[in-house]
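Student: Let chain A serve as the given structure and place chains B and C on it in line with the hints.
Protein chains in written order, with our numbering: chain A, 4 to 498; chain B, 16 to 160; chain C, 6 to 360.
None of these hints come from the bench; they were simulated from the model. Just to be clear, a hint being listed does not mean it is correct.
[What the hints assert, rightly or not] In the DSS-like style, the derived pairs of lysine-lysine whose C-alpha atoms are separated by at most 30 Å in a straight line are: (1) Lys415/A <-> Lys73/C; (2) Lys462/A <-> Lys85/C; (3) Lys117/A <-> Lys203/A; (4) Lys282/C <-> Lys300/C; (5) Lys295/C <-> Lys282/C; (6) Lys67/B <-> Lys118/C; (7) Lys485/A <-> Lys231/C; (8) Lys300/C <-> Lys67/B.
This structure is a prediction, so every number in the text was calculated from the model and none was measured.
If you want the building blocks of each chain, they are given just below.
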Amino acid sequence: MKRSALRVALVCAIAAMGVARAWAEPATPPAADQCLTCHLDQDSPEAIAYKTDVHAARGVSCADCHGGDPRSDDQDVAMSKARGYIGVPRKDQIPRLCGRCHGPGTEAFKARFKLDDVLTDFGGSVHGHALESNPGGPQCVSCHGVHSIARVTDPRSPVHPSHVIETCAHCHSNAAYMRDFDPALPVDQRDKYLTSIHGKRHAAGDIKVATCVSCHSNHLVLQVKDPRSPVYPTHVPGTCAKCHADARYMAGYGIPTTQYDDYRQSVHGKALLQKSDLNAPACNSCHGNHGAAPPGASSVIAVCGQCHQSNEDLYEQSAHRGAFAEKKLPGCMVCHGNHAVRAASDKLVSFDAPAPCAKCHRNDGTDTSAPEIVRMRGLLDSLTVGQTATLAVLSHAENLGMDVTDARYSLKDVNQSVVQSRVAIHSFKVRKLEEAARPGIAIIAQANRAGEEAVHEYKFRRQGLAVSTLIVTFLVVLLWLKIRQIERRQQGEKS
Amino acid sequence: MTEPGISRRSFLDRLLGLGVLAWLGSVIYPVVEYFKTPPQGEAEVTSVVATKIQSVKPNSGLVFRFGREPAILVSGPDGKLRAFSATCTHLQCTVQYRNDLQKIYCACHNGMYDLNGRNLAGPPPRPLTEFQVTVKGDDVVVSRT
Amino acid sequence: MTERASGPMRWIRERFNIDPLIEFASHKQVPEWRGSFWYYFGGVSLFLFIVQVVSGILLLMYYQPGEKTAYESVRFIVTKVRFGWLVRSIHSWAANLFILSAFIHMFSVFFTKAFRRPRELTWYSGFLLLALGLGFGFSGYLLPWNTLAYFATKVGTTIVAVLPGVGEPIMELLRAGKDVSTATLTRFYGLHVAILPAAFTLILGLHLMLIQTQGMHEPEPWPGGKPRYMPFFPNFVLRDLLLWLIVLNILAILAVWFPWELGSKADPFGAAPQGIKPEWYFLFTYQALKYFPAKLAGIDGEVVGIVLFGIAGLLWFLVPLWDARTPRGIRNRFINYVGITVVLFIIVMTALGVR
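Bound-form chain A, shown alone (with noise of 0.2 Å):
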């Protein structure tokens, strides 16, 4: 009797899950349910906290996890290896429970419960490697929590934007524990980012501000170096954009939207999104990624010298250093700029509109150093307008069919001198420019004399050409004299 009560209850809830608001409404738990019924009698703390738990809310019996029969009020039977009791399963066996709903399943289910499939992203996740090969990795109810778990959206949660920092450092601040799994991985992303603009924020109770998740992602973390994974260096600009390109989201923060706009314009995010140059800085190199700040005004040149250490180290050699420091400008920003840093030109060094020399000198006479920007200016155009010119000299030679590529190999070397000429700028002493630029400027007038030899030579080969035809010709009709000479001769002899 017993058993025919319990099969129509249970024939009436599935009927009842069929019904498509069914889910919507908190449905009382079976009241056959023997499990939380004997638990619940002993206080047990696992059935109490289960009742808060939202699974409990959509139907999900204790027997859905721990096997046995909850249908037996019988403990032997109820909790017997025979009945697939299988009590606290084994952390390795977690996902593989956790995923008969949340995992592959069938569409129709997971499209009734609005559920994911979490369980295949979590496979091919890190963590879901380190589980595989140490039981003790991390799985669902390492972040989740376990008997009273809760949506994301619900501030119990342990994954909820204000508990997730913790639930990461759980274990990703524990050095022992992360031995066992990643030895090499640091483990201070917390501390660093409690001194993040990031973190201040969260601290003082703003949950919008970017947290553990919002870059690694949730189920499907990945490492670093993998490609697909959102701060893979080429994702970095993109994963960043998200919040800060968003002028909705980033509104009452009271800074620009546009950093993302221009860094894809610049040097930096050409080199790094279309040429895929992982070595050109994404957002984390010069901010920092989990003690993300921007660089006070007198750190830049340590940022930008991270990479650009010739220019950095001449920098700190020069004037500037001193007049820039006093004034609080930010060092190599003042000349490049910041997110649109742009290749740098030989224009920059001019007192003409946008370069920014005239910013504090003036071209009037009055200041001292003007004579010298000029003067260095002109060194570096002597190197670049010197070899366009000499390139079009051995240009016309080739094209009069003259041969110039040795001149042609030596003008690559010119290249050196360029590069090291815009690196000796940033001493912004006419003397080291000087030194740089000299080998350059010398070895385009070594090529361009060997240009104008070859046109020289041209010139000369058809200007011998022409002598030595006249010479023959001359021969020619002076032997067609004395052949005529003689056999008029001849002639004069027979007749």
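Tutor: Relative to the frame of chain A, chains B and C by itself:
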């Protein structure tokens, strides 16, 4: 009749002789010039004697001409010889050996390569092209692999 | 002639009796008729050969055979050595003009039936000289070791290999190995500067000696019925010299205005460039072989083609034999038709090949 005939002939002969001489000049001049060996040797090479083995000290580097491009012969601290293209893979500057760092170094942008030519630090995107080093007698011969 | 008794002539005469030679030269005569013009092509060919010897020796002063040096040294000659460009261009142009002039010489002899008795040996030796000339052209073409030459040689030597049985061994002998390589370059170099010149000089000596002793072939019959002659010395010799001067200047003009290109260095592992063609004087054979079907009566079409060309060449070589068997008419029309057919064939095939 014979008098002017003879003088015309001798005049013609003299002119003819002059013409032959001029023509010979125009032939001999290029030939003589041709035999003057130009100062430079051949351009493109696949193998070159970089230096004498006696002059190579451990922990030193030597930039030498390898055809049209510079190459660098590096003798590591262990005395092992290696040779690379001396053209930096970043912006084509010429690299040098820094015995204080025991690295191949590019002064343009502080690029750094290890003694196997691998790009270690700084902007160089690729390793340096390696050449083959063989010691034949006293000569250190570097050749394209 | 009285001044002979004095100066250097006397000095020579005391040691070597040159009188018979001078006597011979002063009596030698050249037939003078409307066909005399063609006589000059023999002389022009001879002159171009001399030019080749001189310019070739000059090139030897700097050329270095070998995979790593051949191209580089030719490049060096062309770009660095004073007038090296001129020497190299003249050598290349004169080679082509030599083949052209030799062909014209051969056909003029053919159409004037100058190969007939007693001049069969002159014809045979002349034919051999042309064959050696083609050998010069083929072997010399590879020496700069540039891309075009490399692949042209590869194709050229492959053609031999299609002959059943003997083809492969001949090809390997030519290439000094299975493939065109540095060994081929060395072999061709040896052929070009030692074997071929030696053989050529010997046969040329015979050819010239035969011409001098037998005298020029006279037209049969004489136009107008009355023979006319021109003294060989100085009349004909001076005309020869005059023509040679003009030819040399034409070479200089060609070398300056149309310098022979060097191209890029051969890369045995590189892809063959598009449209590789043999030198123009091999083009008609190359083009004609293309028109043979893949299979002819069960035999490889190319083999048939090459065998046919071989037979045709042999028949051409042996023309004094089968011409003699035709009725010994003064004008043998059949020979003319054969000659015209061959000339037309060569012109049409070359034109098709150039296109």
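Student: So, for every hint listed, does it hold in this structure?
Tutor: Hints versus structure:
A distance of roughly 24 Å separates the Cα atoms of Lys415/A and Lys73/C; the hinted pair therefore holds under the 30 Å criterion. With a CA separation close to 17 Å, the supplied pair Lys462/A and Lys85/C stays within the 30 Å bound. Annotation: proposed proximity of Lys117/A to Lys203/A is violated, straight-line Cα distance about 35 Å (limit 30 Å). A distance of roughly 24 Å separates the Cα atoms of Lys282/C and Lys300/C; the hinted pair therefore holds under the 30 Å criterion.
Distance restraint check for Lys295/C and Lys282/C: the Cα-Cα separation of roughly 12 Å lies within the 30 Å cut-off, and the hinted pair is therefore satisfied. At most 30 Å may separate the alpha-carbon atoms for a hinted pair to count; Lys67/B and Lys118/C exceed this at roughly 70 Å. For the proposed pair Lys485/A and Lys231/C, the alpha carbon gap of about 27 Å is at most 30 Å, so the pair holds. As the CA atoms of Lys300/C and Lys67/B are separated by approximately 63 Å, the hinted pair breaks the 30 Å bound.
Against the hints set out earlier in the document, violations occur for numbers 3, 6 and 8.
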